[in-house]
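Peer 1: Residue numbers (the working numbering), protein chains in the order written: chain A, 1 to 329; chain B, 1 to 329.
Hints in this document: simulated from the structure, not taken from any laboratory. Be a bit skeptical, because a hint or two may be false.
Label pairs and their calculated CB-CB ranges [claimed, not checked]:
#, chain 1, residue 1, chain 2, residue 2, range
1, B, S21, A, Q141, 25 to 35 angstroms
2, B, R59, A, P185, 32 to 42 angstroms
3, B, A43, A, E270, 55 to 65 angstroms
4, B, D184, A, R277, 28 to 38 angstroms
5, B, A274, A, P194, 45 to 55 angstroms
6, B, D184, A, E270, 49 to 59 angstroms
7, A, P185, B, R62, 55 to 65 angstroms
8, B, D98, A, L143, 36 to 46 angstroms
9, A, L143, B, A31, 47 to 57 angstroms
10, B, S21, A, R327, 33 to 43 angstroms
11, A, R232, B, A274, 29 to 39 angstroms
Chain A residues, not near chain B, derived (Cβ > 12 angstroms throughout) [claimed, not checked]:
#, residue
12, D98
13, R226
14, L254
15, Y329
Note that the Cβ used here is the ideal one computed from N, Cα and C, for glycine as well.
Protein chains: 2
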Amino acid sequence: MRLHVQNPPGVAHPVTEEQVSAALARHPDMAHLRPSYGDDDAAFAAGIADAEILLTFTREGRKRFPVGTPRSLAPKLRLIAFTSAGLDALQPFDWVPDGVTILNNRGTHGDKAGEYGIMAILMLQTRMPAFADAQREGRWQPLFATTLEGRTVVILGIGTLGGGVARRCKGFGMRVIGIRSGADPHPDCDETHPATALDEILPRADFLVLTCPLTPQTRNILSRERIGLLPRGARVVNMARGAVWDQDAIMDALDSGHLDGCVTDVAVPEPLPADHRLWRTPRMIITPHVSSDDDARYNERTLDILFENLRADREGRPLPNRVDPARGY
Amino acid sequence: MRLHVQNPPGVAHPVTEEQVSAALARHPDMAHLRPSYGDDDAAFAAGIADAEILLTFTREGRKRFPVGTPRSLAPKLRLIAFTSAGLDALQPFDWVPDGVTILNNRGTHGDKAGEYGIMAILMLQTRMPAFADAQREGRWQPLFATTLEGRTVVILGIGTLGGGVARRCKGFGMRVIGIRSGADPHPDCDETHPATALDEILPRADFLVLTCPLTPQTRNILSRERIGLLPRGARVVNMARGAVWDQDAIMDALDSGHLDGCVTDVAVPEPLPADHRLWRTPRMIITPHVSSDDDARYNERTLDILFENLRADREGRPLPNRVDPARGY
Numbered sequence: 001m002r003l004h005v006q007n008p009p010g011v012a013h014p015v016t017e018e019q020v021s022a023a024l025a026r027h028p029d030m031a032h033l034r035p036s037y038g039d040d041d042a043a044f045a046a047g048i049a050d051a052e053i054l055l056t057f058t059r060e061g062r063k064r065f066p067v068g069t070p071r072s073l074a075p076k077l078r079l080i081a082f083t084s085a086g087l088d089a090l091q092p093f094d095w096v097p098d099g100v101t102i103l104n105n106r107g108t109h110g111d112k113a114g115e116y117g118i119m120a121i122l123m124l125q126t127r128m129p130a131f132a133d134a135q136r137e138g139r140w141q142p143l144f145a146t147t148l149e150g151r152t153v154v155i156l157g158i159g160t161l162g163g164g165v166a167r168r169c170k171g172f173g174m175r176v177i178g179i180r181s182g183a184d185p186h187p188d189c190d191e192t193h194p195a196t197a198l199d200e201i202l203p204r205a206d207f208l209v210l211t212c213p214l215t216p217q218t219r220n221i222l223s224r225e226r227i228g229l230l231p232r233g234a235r236v237v238n239m240a241r242g243a244v245w246d247q248d249a250i251m252d253a254l255d256s257g258h259l260d261g262c263v264t265d266v267a268v269p270e271p272l273p274a275d276h277r278l279w280r281t282p283r284m285i286i287t288p289h290v291s292s293d294d295d296a297r298y299n300e301r302t303l304d305i306l307f308e309n310l311r312a313d314r315e316g317r318p319l320p321n322r323v324d325p326a327r328g329y
Numbered sequence: 001m002r003l004h005v006q007n008p009p010g011v012a013h014p015v016t017e018e019q020v021s022a023a024l025a026r027h028p029d030m031a032h033l034r035p036s037y038g039d040d041d042a043a044f045a046a047g048i049a050d051a052e053i054l055l056t057f058t059r060e061g062r063k064r065f066p067v068g069t070p071r072s073l074a075p076k077l078r079l080i081a082f083t084s085a086g087l088d089a090l091q092p093f094d095w096v097p098d099g100v101t102i103l104n105n106r107g108t109h110g111d112k113a114g115e116y117g118i119m120a121i122l123m124l125q126t127r128m129p130a131f132a133d134a135q136r137e138g139r140w141q142p143l144f145a146t147t148l149e150g151r152t153v154v155i156l157g158i159g160t161l162g163g164g165v166a167r168r169c170k171g172f173g174m175r176v177i178g179i180r181s182g183a184d185p186h187p188d189c190d191e192t193h194p195a196t197a198l199d200e201i202l203p204r205a206d207f208l209v210l211t212c213p214l215t216p217q218t219r220n221i222l223s224r225e226r227i228g229l230l231p232r233g234a235r236v237v238n239m240a241r242g243a244v245w246d247q248d249a250i251m252d253a254l255d256s257g258h259l260d261g262c263v264t265d266v267a268v269p270e271p272l273p274a275d276h277r278l279w280r281t282p283r284m285i286i287t288p289h290v291s292s293d294d295d296a297r298y299n300e301r302t303l304d305i306l307f308e309n310l311r312a313d314r315e316g317r318p319l320p321n322r323v324d325p326a327r328g329y
């Protein structure tokens, strides 16, 4: 079976021949895969001509398959696997060639995201945002805080990221409330509720963690009105996308003191321009979209996930990472 | 039995009558204690005249008992319990009235210190010091990192603080090496070594956490030479005292890039003046001596520890928090 790996030029963590060979050695039942590699147009054209599976990066999706691309350029293609968990940049999915299934990379990010999430919560509890502001001004101003035990965290989106965060929060004795589409129970949540219950749940949040995919339903889900439903002194972590919260309203709530602090890994726009107000909003800590990328293990896990999907396909099981074009994840 | 509680004027977290009453209710076997309270000279003189036990704050030690204080001012006194775990500010112990036992507050700080320690390690692993520098300049510059699993942390001082940090580090799959005077095994350390082995251990440290008391033996224990023994790119957390490391050498090692980052909760001097170089040292994150103070539960635990010592005294057991004036802890 032919697999083509297309890396964008200059990408930080290309999927290498060495990584694929190591993965094939880990998964002897995938020995029939014959991989090819490329990072330019010629290599793509050659590779895709007989590939059944394409492994590539989000930015390559639309670029390699503009709407109306003749099916004859990739006659055998039936699966495109992307290295990102969130494929919002590929919406709408009108460009997907007929009969081709899209896989996301959900599942790579759980451990790393769990560490980022609990780090952010510990930082907010310890008052690190206020200390960071004070350090800029050379101000020594103690603020004390108790431990996390018994505090309530609301996690909006209990998938791989949110589940990883929930697991760590339980380890610190927190009460964990998960918000998910179906409200199914989750082993690391004390309660789960559907998104329709959000307005009743937000007033209970000492911490709110955003880990949902960006979809039409979650765009601006943390609106100005809902920020107002959070208790005074609440803390917010955004590991999702900048567009899931009302960024202006968040900055206003930090300025006014309604929110005690925020840690965000995402922003609108990215990269954030040097003169943007977000950089200088009080008690706002910004990281540059790194919360769930694990440089050493990322591609290893990506390949494990792809192979698990190929195995499911061969055995007639549902593909765990299949993207529903209508839902977008 | 008479207990006098002396709070310094304006202290952030005075031990209150309400807290003592609640503690007496938690410990019915302490019902014979008759407490008095004060925060000025007159209340101290009245309270100490018949008190057997004094509960007070470090800064009151020398102030209330200048060397040569007549024993007749506190004729029944036999125990002074301090609310701090580290009593280095009271050394040398030449001021202690004859026949009086000194208790520290070791044991209050473990959970809180564990949360601070793992927060600091997660921040260093995630490159938060570099991101904090970048935020000051409005610079969006991703740096990626893997998870903590398998990384080595050396913890210098495995008492209450270090033990709390060790426990959290094990929860993240780290390899934990404890340095302690006796090198006794510790349930949350993979290895323990005596301080004499420090020079051989330091080259193995991805992370070094300082949690030792400040004593003549630990002053400048992380000297300029020993900083040089750490591997390039190591990270250091100081939760002990500013004088246990060579602060100038630490700043130089961050400037040169030998160290990747530091989180410190202590400084020389405290409070750190606004124009001090430490505030602006690259990849240095400073918190103002808050790493082990838990505002909500601190006095509650202080009283539990005092009562446990009184119980040991009554039953003829060694007092768990008795300070050895020669060792200083």
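Peer 1: For this structure, which hints from the list above don't hold up?
Peer 2: Checked against the structure, the hints that fail are numbers 2, 4, 9 and 10, while the rest are satisfied.
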